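Those protein sequences? They're chains A and B, same order as listed. According to the numbering used here, the first sequence holds residues 1 to 79 in order. According to the numbering used here, the second sequence holds residues 1 to 120 in order.
It cannot be assumed that every hint is accurate.
Said to hold, decoys possible - Which residues of chain B face chain A? A few of them, derived with a C-beta cut under 8 Å, are:
hint, residue
1, Ser-5
2, Ser-41
3, Ser-53
4, Ala-62
Since the hints were derived computationally from the structure, they do not count as laboratory data. These figures come from a predicted structure and were not determined experimentally. Beta carbons are placed, not taken as given, at the ideal position from N, Cα and C, and that holds for glycine.
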Amino acid sequence: MKVQILGTGCPKCKMLEANAREALTEIGLDAELVKVDNIDDIMDMGVMVTPALAIDGDVKSAGKLLTKDQIITILKEVK
Amino acid sequence: MAGCSCAGSQIKLVYACSGAANTGLLSDQVARKLRDQGFGSMTCLAAVGADLSGFIQSGKSADKNIVIDGCPVGCGKKIFEKNNIPFEHFITTNYGVEKGKTEITQEVISRVTSEISVKI
């Protein structure tokens, strides 16, 4: 599984990445955490509002700073 | 262009049906003009209709989605309703334009853009 954090480096993007890392650690999921910070790549995924979180290319959230628990919920739905 | 929610400014997204009729052309041109005038970022209605996740999630989190349909068939309206995404709706035929008849000139584009812009 690949968890993608989309954002150009703003504070919320960094916090979302940290929350995602914590979420992965907490549930012990062996997933790759990838930052997508190139605006063209972000736009190619149809994301118009950052930060965004995608799993294996499927955008699950945009424009929201998800908490660790919210990310865990999403990960469990996908797993 | 994608916007960051950190910036604090409102995220407004503009969509046009861009249909085959003259009114579809007008919806497209008005959307582009609104974008150029800074009323929001234009993005793809077809992508929302195609259930592309990035576009749907962006629409759900935008502060305002402005949907411009060319005619009362309302394809854009139906796409947004189907996806339960809130939106403001405009139809070009409500602005003195007849489907299949009115020539879409720069004057018409400017006038309809101006009339819609005061409502968003």
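Would the hint on Ser-41/B stand, with a C-beta cut-off of 8 Å toward chain A? Since chain A brings a Cβ to about 6 Å from Ser-41/B, closer than 8 Å, the hint holds.
Is the shortest C-beta separation between Ser-53/B and chain A less than 8 Å? The hint holds - Ser-53/B has a Cβ within 8 Å of chain A, the shortest such distance being about 4 Å.
Given Ala-62/B as an interface hint, is its Cβ closer than 8 Å to any Cβ of chain A? 6 Å, holds
Should the interface hint for Ser-5/B be scored as holding, given a Cβ-Cβ cut-off of 8 Å against chain A? Check passed: Cβ of Ser-5/B comes within 5 Å of chain A, closer than 8 Å.
The structure meets every hint from the earlier list without exception.
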